[in-house]
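Please put together the full structure from these sequences, using the hints given.
Order-wise, the sequence lines are chains V and W.
Mind the numbering: the first sequence is residues 14 to 173 in my numbering, read in order.
Mind the numbering: the second sequence is residues 14 to 173 in my numbering, read in order.
In case anyone wonders, no lab produced these hints; they're calculated from the structure.
Any given hint might turn out to be false.
[Stated by the list, open to error] Examples of chain W residues lying across from chain V (beta carbon under 8 Å, computed): (1) M109; (2) E111; (3) I112; (4) H114; (5) R119; (6) T123; (7) R126; (8) L127; (9) V128; (10) V162; (11) V169.
[Stated by the list, open to error] Taking lysine to any residue and the SDA-like style, the derived pairs with C-alpha atoms no more than 20 Å apart in a straight line are: (12) K36(V) <-> F63(V); (13) K132(W) <-> A57(V); (14) K132(V) <-> S131(W); (15) K132(W) <-> E111(V); (16) K67(V) <-> E143(V); (17) K132(W) <-> R119(V); (18) K132(W) <-> R171(V); (19) K67(V) <-> G53(V); (20) K132(W) <-> M109(V); (21) K67(V) <-> K36(V); (22) K132(V) <-> S107(W); (23) K132(W) <-> G172(V); (24) K132(W) <-> S131(V); (25) K132(V) <-> I105(W); (26) K132(W) <-> M110(V); (27) K67(W) <-> H138(W); (28) K36(W) <-> E58(W); (29) K132(V) <-> L130(W); (30) K36(V) <-> M89(V); (31) K132(V) <-> S153(V); (32) K132(V) <-> E168(V); (33) K132(W) <-> S107(V); (34) K132(V) <-> R119(W); (35) K147(W) <-> E27(W); (36) K36(W) <-> E99(W); (37) K132(W) <-> K154(V); (38) K132(V) <-> G125(W).
Even for Gly, the Cβ is constructed at its ideal location relative to N, Cα and C.
Protein chains: 2
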Amino acid sequence: MFDAVHNREGGEDEAALATPFVKCLVRLIRAQDSFGAWEGKSDAELLGDFILTKEKRRAIPIIGDPDPDVLWRLNMFYTAVGLAIEERSGLIASPMMEISHEGFGRVLLTTGRLVLLSKTLRDVHRFGFETFWKLTAAGSKLAGDAIAVIDAHPEVARGL
Amino acid sequence: MFDAVHNREGGEDEAALATPFVKCLVRLIRAQDSFGAWEGKSDAELLGDFILTKEKRRAIPIIGDPDPDVLWRLNMFYTAVGLAIEERSGLIASPMMEISHEGFGRVLLTTGRLVLLSKTLRDVHRFGFETFWKLTAAGSKLAGDAIAVIDAHPEVARGL
Chain V
14 MFDAVHNREG
24 GEDEAALATP
34 FVKCLVRLIR
44 AQDSFGAWEG
54 KSDAELLGDF
64 ILTKEKRRAI
74 PIIGDPDPDV
84 LWRLNMFYTA
94 VGLAIEERSG
104 LIASPMMEIS
114 HEGFGRVLLT
124 TGRLVLLSKT
134 LRDVHRFGFE
144 TFWKLTAAGS
154 KLAGDAIAVI
164 DAHPEVARGL
Chain W
14 MFDAVHNREG
24 GEDEAALATP
34 FVKCLVRLIR
44 AQDSFGAWEG
54 KSDAELLGDF
64 ILTKEKRRAI
74 PIIGDPDPDV
84 LWRLNMFYTA
94 VGLAIEERSG
104 LIASPMMEIS
114 HEGFGRVLLT
124 TGRLVLLSKT
134 LRDVHRFGFE
144 TFWKLTAAGS
154 KLAGDAIAVI
164 DAHPEVARGL
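So this is what it looks like as structure tokens:
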């Protein structure tokens, strides 16, 4: 029984890791590996810290200051959303973040004169996803919503 | 002769200090004076550090890290631009800044789904204006350009 569940989840992880959004994220992270320190790591290992199971989340205090690592992961996540948007639309979407030391803030993704994404961030110190599947679902949804905005205002997206 | 020049400049300063943009900036700064420490100060004194004459500018090293005071003034300036936009259009324009510790960065002003201003910032440690007149001219121009963008895309500005 336990094995069956385990296998099903393993298969789901594999499918999630093969989605275009996760591929973007992995490419982005591997591009920063100047010294080849992560070459031996699988994609799942590389993205391991993005996953926060319910138990792990419960173990983190409700109020806390985000450390540089979690801020880096947050930045990678939204940059990957921008990259996924670029892959599908050909328009460069650059993220901009403002996070207070307490972990509250805002992220913006813009292209041309168009705001593609504007999100208030809270509890950044607990940023993470329950499964790889939820990670890719969240990223793909943000990219898809942004593409819909571009399609609704193509001239503004080109900065006209 | 010297007096005449002085008077003319004094008159210009007064006119500049009475412009809507400078009024916005002064209001913004006075709103932060929780303890009344600046009550006795005139507007010109309050904005004194925004003015960087050619001599003063020359005295600042070309490369340098911005200190918190200059970052605060930069923030006040762009927030005042946003306030001036709001006064004229009724739409809230919020600024977002990303400045590296070396004084390079970017400022964005958005309203709804529209990017009103997107500017690369350089040499932030030398942020300042030669005269009050140049300060108000710069701020008013940025606000005016943003209003033109809103007029060109009214639905996007309302976030539709």
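Tested hints:
no.	hint	in the structure
1	M109	holds, 6 Å
2	E111	holds, 6 Å
3	I112	violated, 11 Å
4	H114	violated, 14 Å
5	R119	holds, 7 Å
6	T123	holds, 5 Å
7	R126	holds, 5 Å
8	L127	holds, 6 Å
9	V128	holds, 5 Å
10	V162	holds, 7 Å
11	V169	holds, 5 Å
12	K36(V) <-> F63(V)	holds, 14 Å
13	K132(W) <-> A57(V)	violated, 38 Å
14	K132(V) <-> S131(W)	holds, 18 Å
15	K132(W) <-> E111(V)	holds, 16 Å
16	K67(V) <-> E143(V)	holds, 7 Å
17	K132(W) <-> R119(V)	holds, 19 Å
18	K132(W) <-> R171(V)	holds, 17 Å
19	K67(V) <-> G53(V)	violated, 28 Å
20	K132(W) <-> M109(V)	holds, 13 Å
21	K67(V) <-> K36(V)	violated, 25 Å
22	K132(V) <-> S107(W)	holds, 13 Å
23	K132(W) <-> G172(V)	holds, 14 Å
24	K132(W) <-> S131(V)	holds, 18 Å
25	K132(V) <-> I105(W)	holds, 16 Å
26	K132(W) <-> M110(V)	holds, 15 Å
27	K67(W) <-> H138(W)	holds, 15 Å
28	K36(W) <-> E58(W)	holds, 14 Å
29	K132(V) <-> L130(W)	holds, 19 Å
30	K36(V) <-> M89(V)	holds, 12 Å
31	K132(V) <-> S153(V)	holds, 15 Å
32	K132(V) <-> E168(V)	violated, 23 Å
33	K132(W) <-> S107(V)	holds, 13 Å
34	K132(V) <-> R119(W)	holds, 19 Å
35	K147(W) <-> E27(W)	holds, 13 Å
36	K36(W) <-> E99(W)	holds, 14 Å
37	K132(W) <-> K154(V)	violated, 29 Å
38	K132(V) <-> G125(W)	holds, 12 Å
Hint violations for this structure: numbers 3, 4, 13, 19, 21, 32 and 37, all remaining hints satisfied.
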